[in-house]
Amino acid sequence: MMEVTGLDMQPLWITLQLASLTVLVLLLVGAPLAWWLAFTRSRFKIPMESITALPLVLPPTVLGFYLLIFMGANGAGGQFWTAMTGHPLAFSFMGLVFASCIYSLPFVVQPLQAAFEGMDRRAVEAAWTLGASRSRTFIQIVIPQVRRGLLTAVVLGFAHTLGEFGVILMVGGNIPGETQVVSIAIYEQVEALNYGAAQQLSAGLLLFSFIVLLLVYGVNRHWHTELKI
Amino acid sequence: VARRQSEFILVIPMGGKSMRIVLCGWLILCCWSGAAFASQVNVAVASNFLVPLQSIAKEFEANTGHELRISAGSTGKLYAQIVNGAPFDVFLAANSKEPQRLEVSGAAIAGSRFTYGLGQLVLWAPQLAESYSSIVEVLTSEKVYRLAVANPTTAPYGAAAIETLKKLGVYDDIKNKIIRGENVSQTYQYVASGAAQIGFVAKSQIISQSMSHENASHKTYWTIDGALYSPIQQQAVLLKRAENNAAARQFLEFLQSREGRAAITSFGYGLVDSGLVNTGLVSTGLVNTGLAGNGLVDHEKKP
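Those protein sequence lines, which keep their order, are chains A and B.
Heads up, the first sequence is in this note's numbering, so the first residue is 1 and it goes up one at a time.
Heads up, the second sequence is in this note's numbering, so the first residue is 1 and it goes up one at a time.
Just chain B, with the same shape it has in the complex (with noise of 0.2 Å):
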């Protein structure tokens, strides 16, 4: 019995002291959470649209005082992470897809789902200094041995530049020379590092880098005509656990307003008029951003 008794001895002490700890980590934690105030937004947000997204966070947050989190990621990740419980307010997806899975499943609040921007294909040759008089002579060069295109199973781009390439009838032919990226970001670094020659990325990666970098090499690139390749839509939907916050609401109403969308088109993305396609932009309050909380219901879709 004794020895038992020791053994507890022994043990107690210890569990004491890093319970101790523990506890003031958790005490820490809770006073950062408590710290955070009841106007913030937690915006999950697709790769591509990170550089953008901060630029007009930066307006919206000096504008309403409200505070944006924002957690960037891939937008399959995103979504498995919404569906498990992760605490985000608005998604801002790089497609269409699963901000829809979002609001047929009920994750996503039934009605709130627009395209904020269209995504630009360009066909990017930092290191190609010839002038060519087609894309297709571009893509067939003899200068060209690696083509960069994202995975086309799960980036928007990546299944765009495919689509681009087959409407062209030059897939079969250089389908050799292409290599993969995981997602655009890396088929972009593919083409900045010179691995591949040329790459098929978003126009706004071209347009945020040389707004940092006054680099004369990321002019060189060939916007892709719009009717080679379905429109990437990228769709912005508000959770479900932000129903009644209606700070979450007012940036969703800000990304509809006129300097939301100016801030949009200025890095690179297109914008969806009126009529092309239902998304609830048609005569929302895109000046007003003051009718927060109304506009989204209101235009509630059809089945």
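So here's chain A without its partners, still in its complex pose (with noise of 0.2 Å):
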């Protein structure tokens, strides 16, 4: 564990790993997702919109609150998963996951879903018909013209989940070394009067939040720039 004048940087720690697998697992999921919204004609298709951008409309403690009975002992997502595993989903790690990858869905989906729709598709046509296999075609084609359109997806997945606290203060349980981010622990030092902690660790969200968005823009700006030429 580490430890920094004498503050305890393992919150800090549970949330880079939090939002880092957030983002790992929504790319997996949410790309096939954005890519069906994109281009399909089905009749689901607004639904399935709606029903990815719920997380955006509704409070944090709302979803919080529904995912607690889901995912909970009794609920039918805890069961599941104490089936598949044997250890219970809510108040773990792998709970926060989940719990994280709902309120975070829209935010890389909707980017993703916007880059696809706004691809030049005469392009993935020209490189099938002269012989591209889909794979080739998806990495050499799709990705360079939706790349800007994924770095949005990931930067905002990461950061929404790096700032997540209603949700997790619902289904986390605050438990030091497992599911106690550093939103969560900033609260609790504010709660317990601790001003002075909750300043450095709220002092160093602001600082790493700064830092991944100055690299993230310069990178975009840097594409956006070789674009042009």
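Hints may contain errors.
Claimed, not checked - Listed next, the stretches of chain B that the computed footprint assigns to chain A, with coverage defined by at least 3 CB atoms under 8 Å from CB atoms of chain A:
no., region
1, 45 to 51
2, 67 to 77
3, 85 to 97
4, 197 to 209
Claimed, not checked - Cβ-Cβ distance ranges computed for the label pairs, FRET-style:
no., chain 1, residue 1, chain 2, residue 2, range
5, A, Ile139, B, Gly65, 51 to 61 Å
6, B, Gly194, A, Met119, 48 to 58 Å
7, B, Glu59, A, Leu54, 42 to 52 Å
8, B, Ile174, A, Thr82, 46 to 56 Å
9, B, Asp173, A, Gln79, 53 to 63 Å
10, A, Phe39, B, Glu243, 47 to 57 Å
Said to hold, decoys possible - Far from chain A, some chain B residues (derived; all Cβ distances over 12 Å):
no., residue
11, Ser134
12, Ile135
13, Val144
14, Ile162
15, Val170
16, Asp172
17, Arg180
18, Thr220
19, Ser266
If you are wondering where the hints come from, they were derived from the structure by calculation, not from laboratory data.
From a predicted model like this one, the values you see are computed outputs, not experimental measurements.
We put the beta carbon where it would ideally sit given N, CA and C, even for glycine.
Make the complex out of the two chains shown on their own, each in a separate frame, by following the hints.
As structure tokens, then:
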């Protein structure tokens, strides 16, 4: 466990793990979903788009409350997970990953969907007619075209999970070393009137978030100018 | 068919790689939980008792070698989490309602419930330098534009504050001055930040703050006469999953021991005297923490 000036850095570490894993899972699940939403003519498109956007609208406490019931020992999700793995889902790190995936879903799916929709499909079709395989087309034609959308999706998903509070307050249980993320740790320090520790953690989070965004916008700009040439 | 296959090939290597990362994460997690001692006690504590608990935990851990893992939150949220299967062994609430409900529903061990401390309501006025002859005079002072009170529907200290104002007969006069904190911690912040000139807070907050900061402003407060509000009984229960957790029982015994009680009072909480309230404190192994396991069951209350 890292200790910096007597301050417990573990919540920060857990938060980073949570945000990274959430973005990874969301890319695997969200990219196919975004692709489908971008190109389908199914009558389920509109309902699916609405469901995907729900976490944007719902207050985190409402979302957290439903997730708590769903993931709890008596909930369908909780019981399924326990049957599969032998561990409870709520109040565990994996439970936080699941909750964060729901919470940050629109932040990954929507930029990807927009990027897929904005793609030049002629290039994709040309690649196919020239005999390129689907995987080769995807890697060489699709990904370069959507990379800015992809970057936006990764950053928004990561940042949104980093700042997650209300949902985790409901389903996390504030367990040190497992579900105590940095926002919860800050809240706890404020509750305990340790304003000094709260300020240190907050400053750490602020600085880290700023650096991440700075890097991302730097890369984005680099790509932007590259495209113009 | 060829197209289909290549699509799969595309998906599988990605899936494989990420699965490996997921599995790695999972393994790390398993190692973490495996490293936990059998004698670990997970304590869910109401925020207002967090600081005293941290100090008591150090003593308990040094004495017994057991490890306390502390999760703080509001009593209502912790209750909802316990009902939904949160892995807590001991619940230290800010009131008696939630522990009682847990005991009735069977989520807590019957007979394990006791009052570990009585909340002391104080009126805190760090900015008021003049001397006042009574609390009513402070409350109605022209210098006071805002009075901070915790939300009375959820926070026990808020309910006690409103009760006090009504008993003093000033509630209607000053109710327009009241600003509500979500809980007693936020109420404290309102006053500490100067947003409110005075506020009803917990004595324990003032004491734990003056322990860490030598700040004279903390010392301007009036302790409210206990006769003006119903007692704020902060109760503890042993939760169902800790039925066979000897360390958890030992911790509850420790809270009731002479050392535990001394620590609790030093942070500004009152104690229940024998006979006043039936809490199980009476005649339990107050001194001998080695009684763990028996003391709690013996004092099962009659319905």
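Would you assess whether Ser266(B), listed as outside the interface, keeps its beta-carbon beyond 12 Å of every beta-carbon in chain A?
17 Å, holds
Just checking, Thr220(B) versus chain A, shortest CB gap more than 12 Å?
17 Å, holds
Cβ separation check - Asp172(B) to all of chain A, threshold 12 Å
The claim stands: Asp172(B) keeps its Cβ more than 12 Å from every Cβ of chain A (closest is about 32 Å).
Claimed coverage, the region 45 to 51 of chain B by chain A - three or more beta carbons nearer than 8 Å
holds (count 3)
Outcome of range test on Cβ distance (Phe39(A), Glu243(B); 47 to 57 Å)
The hint (47 to 57 Å, Cβ to Cβ) holds, given that Phe39(A) and Glu243(B) are roughly 56 Å apart.
Cut-off 8 Å, C-beta pairs, minimum 3 residues; does the coverage of the region 67 to 77 of chain B by chain A stand?
Coverage by chain A holds here, the residue count being 6 at a Cβ distance below 8 Å.
Given a hinted range of 51 to 61 Å, is it respected by the beta-carbon distance of Ile139(A) and Gly65(B)?
57 Å, holds
Per-stretch coverage check for the region 85 to 97 of chain B, three Cβ contacts closer than 8 Å to chain A:
holds (count 4)
Within 8 Å of chain A (C-beta), three or more residues of the region 197 to 209 of chain B
Three-residue rule met by the region 197 to 209 of chain B, so holds; n is 3.
Between Glu59(B) and Leu54(A), does the beta-carbon spacing fit 42 to 52 Å?
With Cβ atoms ~48 Å apart, the hint holds.
Do Asp173(B) and Gln79(A) keep their Cβ atoms within the hinted range of 53 to 63 Å?
55 Å, holds
Just to be sure I understand the hint, the distance between the Cβ atoms of Ile174(B) and Thr82(A) should be within 46 to 56 Å; is that true here?
For Thr82(A) against Ile174(B), whose Cβ atoms are near 53 Å apart, the range 46 to 56 Å holds.
Checked against the numbered hints listed earlier, the structure breaks none of them; every hint is satisfied.
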